[in-house]
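K.L.:
Protein sequence lines, in the order shown, are assigned to chains H and U.
Last residue of the first sequence? That's 368 in numbering that gives the first Met the number 0, and every number before it is there in order.
Last residue of the second sequence? That's 368 in numbering that gives the first Met the number 0, and every number before it is there in order.
Rather than coming from a laboratory, the hints here were simulated on the basis of the structure.
Heads up, some of the hints might be wrong.
For chains that are exact copies, the list does not tell them apart, and a pair is met inside one copy or across any two.
[Said to hold, decoys possible] DMTMM-like cross-link-like pairs, simulated, lysine to aspartate or glutamate; straight-line CA separation at most 20 Å:
#, residue 1, residue 2
1, Lys22, Asp143
2, Lys179, Asp34
3, Lys215, Glu320
4, Lys86, Asp214
5, Lys363, Asp214
6, Lys104, Asp351
7, Lys114, Glu340
8, Lys86, Glu297
9, Lys196, Asp351
10, Lys201, Glu240
11, Lys181, Glu340
12, Lys317, Asp356
2 protein chains.
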Amino acid sequence: MDAEKKMHFCAEMQLFTKDQLKKIAVNVFIAMGCDQLDAEMAADVLVSADIRGIDSHGVSRLSGYVSLWEAGRINMSPKVEIIREHKSTFTLDGDGGLGLIVAPKAMNIAIERAKIYGSGWGAISNSNHFGIAGYHAMMALPHDMIGMAMTNATPFIPPTHSKQAMLGTNPIAYAFPTLKQKPLVIDLATASVARGKIEIAKRENKEIPLGWMVDKHGNPSQNIDELLDGGMLTPLGSLEELGSHKGYALGSLVDILTGVLSGANYGKWVPPFVPFLPLLPDLPGKGLGHFLGAMEIEGFRPAADFKASMDHWIQSFKSAERIDESQEVFVPGEKEFLMEEERMITGIPLNDKVVQDLEMLCKKMAISW
Amino acid sequence: MDAEKKMHFCAEMQLFTKDQLKKIAVNVFIAMGCDQLDAEMAADVLVSADIRGIDSHGVSRLSGYVSLWEAGRINMSPKVEIIREHKSTFTLDGDGGLGLIVAPKAMNIAIERAKIYGSGWGAISNSNHFGIAGYHAMMALPHDMIGMAMTNATPFIPPTHSKQAMLGTNPIAYAFPTLKQKPLVIDLATASVARGKIEIAKRENKEIPLGWMVDKHGNPSQNIDELLDGGMLTPLGSLEELGSHKGYALGSLVDILTGVLSGANYGKWVPPFVPFLPLLPDLPGKGLGHFLGAMEIEGFRPAADFKASMDHWIQSFKSAERIDESQEVFVPGEKEFLMEEERMITGIPLNDKVVQDLEMLCKKMAISW
């Protein structure tokens with residue numbers, strides 16, 4: 000980092016250790032009524048986003064959770080319950096709980112089912128925001144299983160040919176165990192770009208490419224201000240001529256598996272993440288939905304063979320011929336592991352706005368900072 | 000259709016009924032050594048592509064299958080065998096058979112497992128091209144199950160930052176049953192566009208958008224001729240700034256579930272579809288791979304409730320506000336069902352080149368035309 004950039008960085012950022020952030024998060028969740036175990040679980044999901052560099056899904060979300068809880072939209076001591084099941088499959092009612100708490104409980108059940116039946120699949124209704132999808136998928140790794148997690152989310156993406164937000168960023172995550180390499184973790188939103196990237200471009204006064212967003216009329220726009228005036232994100236594929244119908248189909252896949260299959264809300268009815276937006280009338284389901292799963296590798300191949308093949312797969316992709324020798328070929332999830340290694344040493348940078356937000360939150364909830 | 004276009008159409012196309020094409024395909028497969036049942040199954044998969052308007056995966060592929068068979072790369076009377084299993088999961092060795100035959104057999108096993116264990120998942124190695132992924136996923140529908148199918152394919156897509164073809168168009172298909180609406184069928188290649196679309200643009204002398212392809216150096220190109228000179232397709236997302244790393248991750252997901260998990264080849268080693276290209280040395284597995292699955296809806300929700308919710312989901316997306324009143328919002332798979340309805344009445348148009356190809360094939364194999 001050159002000197003000028005570094006100064007800029009120091010002026011706006013403060014560094015925290017993972018443990019410091021986790022402690023704050025645990026205390027906030029306890030102040031909201033969580034028991035100790037649930038608070039630690041939720042904090043672990045949250046801080047795993049910060050350490051992996053997915054800042055939009057880390058402690059910066061805490062004040063949002065508190066607002067939703069204050070508005071009575073989150074139950075901080077949910078009694079999750081299996082309401083239907085058939086050996087390898089089950090549906091869980093999240094009792095209005097926070098997804099950060101509900102989803103790991105569901106994933107543990109999926110893992111137990113996979114031990115008995117080879118695979119385990121849970122559809123979860125009546126839940127809320129569950130943090131990064133990758134965390135839940137990665138819970139399968141120590142069991143030599145492939146993990147999978149999806150969730151639907153606040154609608155912010157119109158289908159191809161529509162100007163109405165019908166789908167959220169609906170992420171898909173898969174985690175694959177390896178032998179000596181880092182696990183291969185796929186964790187992608189089915190939008191073409193994260194909202195946060197557009198906001199950063201705005202802050203840095205940079206132009207965004209055509210295809211990242213549409214205006215309120217559904218037309219592609221590069222005017223970032225229109226994002227706050229009814230604008231929306233685009234599905235993966237970005238423009239119709241570049242395949243946005245495929246991103247729309249992937250977002251639909253997630254919405255159906257998480258929302259329709261579980262009995263949660265779907266489409267335009269998925270509850271918004273902010274308390275100042277009302278719920279739509281005629282809700283077709285309860286809360287928002289997740290879909291999680293685990294598959295035991297031994298049911299397909301000896302796990303040691305599979306993991307050795309994964310290492311080989313990764314090595315072959317890492318050594319694929321480069322366009323430009325100076326630009327490395329990354330495998331899915333690799334950048335997040337590199338970020339984790341870096342931040343475990345240097346600490347996690349939070350920008351001043353997030354720090355002020357957290358300080359205010361702690362003050363309000365009588366938590367020592 | 001205006002008069003000029005119609006003349007153009009008539010000059011280049013001949014119309015066939017589904018039964019006519021199926022009969023030709025059955026006879027070709029029998030001439031290659033298939034038994035009657037397998038030949039009818041394979042022909043059904045193939046012709047379902049033609050009737051649904053996915054012309055690139057229909058009878059136009061027959062001569063390609065024959066060439067591969069002549070080169071000794073396909074076993075037309077495979078003895079498929081479960082080589083490993085754990086209740087809801089299994090691995091099947093396709094015995095070098097054609098995917099059109101191997102995949103439906105595997106899907107039937109997955110459906111049987113789903114009846115017993117709630118879900119069934121098969122990884123298939125040692126197979127070949129399996130036609131349209133959607134066909135296999137849709138086999139689950141009459142059982143009130145959600146069907147899923149993926150396959151890896153001839154490498155033709157470089158990872159982000161690479162200029163080497165490491166992934167095929169690796170499709171993902173899911174089929175969801177409905178009550179009164181047509182089933183919702185997602186079937187998408189993880190490339191930004193089909194190669195066929197670029198070839199049509201070439202034939203019609205039309206410009207293609209930036210993002211559809213790259214040249215042999217891995218750089219985005221709009222010069223279609225470069226596709227035949229080492230050029231490649233792009234992953235869904237098309238350009239790096241528009242999210243091509245997500246399409247790369249989705250293609251990787253398919254490659255790992257179909258290739259690594261089953262013990263088939265993966266990455267650059269996936270066998271090419273044409274016999275004149277040699278197999279790479281040091282193959283890590285056998286043939287190409289599929290991954291198929293079925294989930295019984297009753298294990299999650301009463302099937303009637305789920306299907307009614309699917310109808311509601313479809314209706315809500317169909318009635319999403321339009322950008323332009325004249326442009327309908329389609330749900331995934333809808334266009335293929337509309338095409339099927341149309342072609343059941345009008346017939347299936349094949350262009351002259353495909354017809355000549357089929358005629359030559361029939362002559363060579365002593366099949367009556």
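K.L.:
If a hint holds in the structure, say so; if it does not, say that too.
P.N.:
Results of checking the hints against the structure:
no.: 1; hint: Lys22 x Asp143; result: neither (30 Å within a copy, 47 Å between copies)
no.: 2; hint: Lys179 x Asp34; result: neither (37 Å within a copy, 46 Å between copies)
no.: 3; hint: Lys215 x Glu320; result: between (42 Å within a copy, 11 Å between copies)
no.: 4; hint: Lys86 x Asp214; result: neither (46 Å within a copy, 50 Å between copies)
no.: 5; hint: Lys363 x Asp214; result: neither (37 Å within a copy, 58 Å between copies)
no.: 6; hint: Lys104 x Asp351; result: neither (34 Å within a copy, 59 Å between copies)
no.: 7; hint: Lys114 x Glu340; result: neither (31 Å within a copy, 45 Å between copies)
no.: 8; hint: Lys86 x Glu297; result: both (18 Å within a copy, 11 Å between copies)
no.: 9; hint: Lys196 x Asp351; result: within (18 Å within a copy, 49 Å between copies)
no.: 10; hint: Lys201 x Glu240; result: between (26 Å within a copy, 16 Å between copies)
no.: 11; hint: Lys181 x Glu340; result: within (11 Å within a copy, 49 Å between copies)
no.: 12; hint: Lys317 x Asp356; result: neither (40 Å within a copy, 41 Å between copies)
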